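K.L.:
What follows is the residue order along each chain.
2 protein chains.
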Amino acid sequence: MADFRDIGLAAGVNILSALIFLIAFAILRLQPFNDRVYFPKWYLKGLRTSPTQSGAFANKFVNLDWRSYIRFLTWVPEALKMPEQELIDHAGLDSAVYLRIYLLGLKIFVPVTLLAWAILVPVNWTNNTLAQSADKLEFSNIDKLSISNIPLASQRFWTHVVMAYAFAVWTCYTLKKEYETVATMRLHFLASEKRRPDQFTVLVRNVPPDTDESVSECVEHFFLVNHPDHYLTHQVVINANKLAKLVKEKKSKQNWLDYYQIKYSRNPLQRPTRKTGFLGLCGDKVDAIEYQTAEIERLSKEIDEERERVKTDPKCIMPASFVSFKTRWAAAVCAQTQQSRNPTLWLTEWASEPRDIYWDNLAIPYVSLTVRRLIVAVSFFFLTFFFVIPVTAVQSLANIGSIEKKAPFLRPIVEVPFIKSFIEGVLPGIALKIFLIVLPTILMIMSKFEGYLSKSSLERRSALRYYLFNFINVFLVSVIAGSALEQLKNFSKLAPGDIPKTIGVAIPMKATFFITYVMIDGWAGVAGEILRLKPLIFFHLKNFFLVKTEKDREAAMDAGSIGFNTGEPQIQLYFLLGLVYAVVTPIFLPFILVFFALAFVVYRHQIINVYNQEYESAAAFWPAVHGRIMFALIFSQIVLIGLMSTKRAVTTTPFLIALPIMSYFFHLFCRGRFEPAFVNYPLQEAMMKDTLERAREPNLNLKGYLQNSYVHPVFKDEEEEEDDDHVNGKYDDNAVVATKRQSRRNTPAPSKMSGASSPSLPDVVPEI
Amino acid sequence: MADFRDIGLAAGVNILSALIFLIAFAILRLQPFNDRVYFPKWYLKGLRTSPTQSGAFANKFVNLDWRSYIRFLTWVPEALKMPEQELIDHAGLDSAVYLRIYLLGLKIFVPVTLLAWAILVPVNWTNNTLAQSADKLEFSNIDKLSISNIPLASQRFWTHVVMAYAFAVWTCYTLKKEYETVATMRLHFLASEKRRPDQFTVLVRNVPPDTDESVSECVEHFFLVNHPDHYLTHQVVINANKLAKLVKEKKSKQNWLDYYQIKYSRNPLQRPTRKTGFLGLCGDKVDAIEYQTAEIERLSKEIDEERERVKTDPKCIMPASFVSFKTRWAAAVCAQTQQSRNPTLWLTEWASEPRDIYWDNLAIPYVSLTVRRLIVAVSFFFLTFFFVIPVTAVQSLANIGSIEKKAPFLRPIVEVPFIKSFIEGVLPGIALKIFLIVLPTILMIMSKFEGYLSKSSLERRSALRYYLFNFINVFLVSVIAGSALEQLKNFSKLAPGDIPKTIGVAIPMKATFFITYVMIDGWAGVAGEILRLKPLIFFHLKNFFLVKTEKDREAAMDAGSIGFNTGEPQIQLYFLLGLVYAVVTPIFLPFILVFFALAFVVYRHQIINVYNQEYESAAAFWPAVHGRIMFALIFSQIVLIGLMSTKRAVTTTPFLIALPIMSYFFHLFCRGRFEPAFVNYPLQEAMMKDTLERAREPNLNLKGYLQNSYVHPVFKDEEEEEDDDHVNGKYDDNAVVATKRQSRRNTPAPSKMSGASSPSLPDVVPEI
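Sequence lines, in order, name chains R and W.
When you line the first sequence up against numbering that gives the first Met the number 0, it's residues 0 to 767, in that order.
When you line the second sequence up against numbering that gives the first Met the number 0, it's residues 0 to 767, in that order.
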């Protein structure tokens, strides 16, 4: 069992690596040639130009000002300085509210930690149960501070019960206040937003087929009849998935062409060649530039044909449509009501903003949705319970005893105290982490298959699955050794009452493991996030091989986004750990606090300087965040009951049983009280905004404004693409390197990065 | 263990009692003086007058026509003759759809029974496992026909798996078709209805308090702002609970006065007296007529005062209001949308029709609802698990062995074969039934406390609780001996996987018990329902003691209603039993079939001739009915898995596990596909009806029509009450008996019975 010393070592390693990451970041971020890696958000907003316009050549690439290196932590106060309202304007409400999750962690756990250390730690410490039973089982100093040190049937357990109540009350109070704040922020945000097409627009799906009318006519007639005073216009949804694929293919070929051209320009003696077969690995050797040019030409032709076909072929018109209304009020009404007798036809829902829409799924018919859900549910079950086989294989390797048994020749190395501690303390965490990197992609594919219509809902759904996966495969599997599959078997043989007991008993014993996990994943991991190693390398590779124009350089900049689908479940795991260990092993809490504080600063910095959100859902994710923290709270209470029941503290049980029941009803109350604010658009708000707008702009041409707002992005990209070609042609003769650092003050706000799959702003017009 | 002989005896007893009930009914219904007991529906509709206007005096009371007695079963074809559409017009959609539940039972179980007897019974019968192991445990002939007769690990179990699939597919197919039909019927009913106030009206609750404006002004302003083109008028809700109580008290005193007056008129020599104290049992002796007259006067004064106070006191005005709109479309919009930023204010929902509203609950604030739900949930839990103590006490009495042990002197009586069979076969069922009679009232009080706003939703909620109670305390407790509390203890010690096993193993052994139960509760009970013994007695008592005028006689007629809150859970128990035993003990099925057929005929007769529904919810209960049958289906499948796992038929398990999963997703599909039709009013429908009406009646004064439709019934009653007093005064000198059989062709359609708590028709005006 790991001891203070092991933990100290692990802490040392992790603090050291965190420090290395931070120092590396401090140095790298000051280098001008990394500016676009560490401050892309400002470039995308058009508020930052390439840093040094004048000065020595070296100054353009390396920062030689030694004074700036001394203040290597200045980014921390800078990150904290920006007020929240400004942050919302700068990065959107989603990002600002996302940061509040970390803040919520601090709000909950700072008082909990203080209380636990003031009361629980002394109560636990002043026993010597473990010392007396030392001959029976080994214990570490950490256990001396935990509930394990209290003798059976002691009256001291009442302290833990009272603390459980105190923590629950405080957590619920904080959660309620936070829910209230976020709901107000959301409504305020929606109210203060400027005009956006999605405020007037409703997505209608499952338009019934009609033999006499086209989809477009059918939609128009239906809404003219049923919303006669309010209907304005509509845009049918076109199945342009094939076209989008062709465009993507062309882009990739274009990249290759650029690569070969730059290669050729650097070494004009040898024309680059490539093979025509699979991945360029086999087949005939041809001149690469000519080949790619021909390919691009072929694709351009195909794209033009497909574009024509898509626009005219009625088969490409989906039974779905974006219907726009004259007022926000009417759109809110249409989105919240049932249109037709048959509730599976004319399904209306609030349209997401254009850049949030996941176009590929608009074509899925209603009947297949249930089947898709079934398939995804079953495959998620199998994923969850069979994915772990490799994880446990590695984890069992991390067991010193088994290593020595299987590979006796390693014994001399493994027995070195430092290496032993390293293997025991660090390796299991890392092994787990590596396996978890593949997962989000699979989960996202599942969500896409399930048929969600917006990127934000796809991310929310993936986040839920990722959390469940983490809960079972990280938390439960680590608490009770053995794979999830074995546990499923064991639990199905256990009585329902014994499951919390089994988990409860194991919880205090695993404290050290989770402390290590928090340090690796939470400390070093978060510090690593700020370094952005992957985008750093990729940017420089792209910059070297592909970039010819400013536009290309902008495209090479991978700002990334928060990644709600992976980030939020990770935070939730810390909430779970914190709540579970708050009563049982209070020494755990400071480690969680460090994580929340560090992550808050780091992500605030990243959100201000780096991330560029693809969409804005106005904090639609908060009900899920709140729900999962409530789940963690109730789970921690049930586990505590299980643990207490083994401590012969039977008299405390009735008091503890009331706790999860009351927590659950608190959750129901919160859901009823706040959740509608995240689902519906209240008519009062809509009416208010309509009235204001009518007073301010009585002659607004809304129809013109909405006409093309929901065009499939591939058509917009196409236009831009063609413009790009012209630009490329024009600048082709110019020196590539010379344009590299040209001022980009005129960069339009919309990001070209996200434009690949969706336009950043609805009313973007092709620039000439 | 009960044998064929016991079952035969029980069947004999029950068929005999059912026959006695039916013959008694056939005789009693032909007597003119029972006409109002057996045909009240027709009186209430004003379509039937007192039967014999001419003829001998005896003919008025007794039917002397011997030929009519021969055809004593003619009511059966009569009950079946009325086509469904006519039935809907006659008794409402609720009643017609309620009958379809029985029909659904026949539709599901007739093919299932045929298939089971054609395939499963021969497969089971042609083994002799039980005969071989006869020395080990006793078995009855019934078990020879059940799954118990198949040897362990036999390949014959595949038949049962295939049959389980066949039954599931057939049940799901029938359920889906039925859901479709009912949804269509509901929409058609709503579309073809004539104008009703609830089509235009929305109930608004939780109007926020305003210091400057009264509730009425506040509501008016809010809806004028947020629904400017559609708002028509509104009626605030007045807390008249105290007034209603006073009126009720006055009515009871009036009854007593009538009673004493009739008593005095029959025996003018002695003025009746009564005591003033508690229930007239203690205190001073006074002249009863004078005393009651004084009391009535006092109450009348109090009522007048209270009425004035209620109308003027702002404290009596609740923060709720019925808001009416100019069109059905606008009402549908308002009911389905969220009005205010704060989702707990301005809560809108479709107003129930005026007679369906449960006025007492309109005053409950939103915040207390969660607490009320918590309290009810906890008390329902305790009710479910502690109510059974008396039941088990009686059931253990019904055990011959324990009777002999506790009261050895009874042995000679108990050992008589007939008595023994009676005790074993009939008593446990009766004991259970008696205990269940008290329950619905308690459950209804719970639902009322929970804050539901309409009688229909109160009944639906109570039905759910009653079903849960039945499931745990009738089904599970009977399957596994011991009280629910013991079972809770046992189950919490069992592994989740072992619970279906435990139940599954016990199922085949309890077949005989449930067969007896079906015969008592389902055969004799249903036959007893048609006799209407309680209303028969009460009507004649009231007729003798209280009735002075035709109006009184009408009031004495207790038509009753379907009683969804008790009736539906009872049918659901039969669905559960049928589905559980279909594969395991197919011999069970014919008993269920007899129940469904008999109940269908009996209830069709009652609905046509007797019951007078208090409200019309347009079959809003169907999603609950569907859901519970699905629950029974999935439960039966899980239990079958449990049973199979003990038969060493392991290879069948994977095939069986897929069954409940697929059933569940079928349920999800049905819910998504049909349930919205029972919750929302589609805009398309509303618009269609609006357009039609506008074309037909362009000059309709809707405001006048809606003005007073949602007045608290106590105000309407009051007016009628006063009219009654005048009438009474006028007719006081006339001979009381002479008016008894006057023609009532002019009885207005609305029932005075239901008028006590709610007016039958919204636009009823006090008759002079």
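Everything labelled a hint here was simulated from the structure, so no lab data went into it.
Some hints here could point you the wrong way.
All copies of an identical chain are treated as equivalent in the list; a pair is satisfied when it fits inside any one copy or across any two copies.
What the hints assert, rightly or not - Pairs of lysine-lysine residues, derived as DSSO-like cross-links and limited to a Cα-Cα distance of at most 30 Å, are as follows: (1) K175 - K447; (2) K300 - K143; (3) K688 - K500; (4) K193 - K715; (5) K488 - K314; (6) K252 - K702; (7) K247 - K44; (8) K702 - K325; (9) K646 - K492; (10) K244 - K509; (11) K241 - K314; (12) K143 - K249.
Being a predicted model, the structure only gives us computed values, none of them experimental.
K.L.:
Next step is simple, just say for each hint if it's right about the structure.
P.N.:
Cross-check of the supplied hints:
1. In this assembly of identical chains, K175 and K447 lie within 30 Å of each other by CA distance solely across copies; the values are 29 Å between and 32 Å within a copy.
2. With identical chains, the CA atoms of K300 and K143 are never at most 30 Å apart, being 75 Å at best within one copy and 77 Å at best between copies.
3. With identical chains, the CA atoms of K688 and K500 are never at most 30 Å apart, being 55 Å at best within one copy and 61 Å at best between copies.
4. Taking CA atoms no more than 30 Å apart as the test, K193 paired with K715 passes inside one copy only; the shortest distance there is 23 Å, against 53 Å between copies.
5. With identical chains, the CA atoms of K488 and K314 are never at most 30 Å apart, being 50 Å at best within one copy and 62 Å at best between copies.
6. In this homomeric assembly, K252 and K702 never come within 30 Å of each other (Cα to Cα): the closest approach is 39 Å inside a single copy and 70 Å across copies.
7. In this assembly of identical chains, the alpha carbons of K247 and K44 lie at most 30 Å apart only when taken from the same copy (25 Å versus 73 Å across copies).
8. Taking CA atoms no more than 30 Å apart as the test, K702 paired with K325 passes in both settings, with 8 Å inside one copy and 29 Å between copies.
9. Taking the shortest alpha-carbon separations for K646 and K492, both the intra-copy value of 23 Å and the inter-copy value of 18 Å come in at or below 30 Å.
10. Neither within a single protomer nor between protomers do K244 and K509 lie at most 30 Å apart by alpha-carbon distance, with minima of 49 Å and 63 Å respectively.
11. With identical chains, the CA atoms of K241 and K314 are at most 30 Å apart within one copy only, with a shortest distance of 13 Å there and 67 Å across copies.
12. With identical chains, the CA atoms of K143 and K249 are never at most 30 Å apart, being 65 Å at best within one copy and 74 Å at best between copies.
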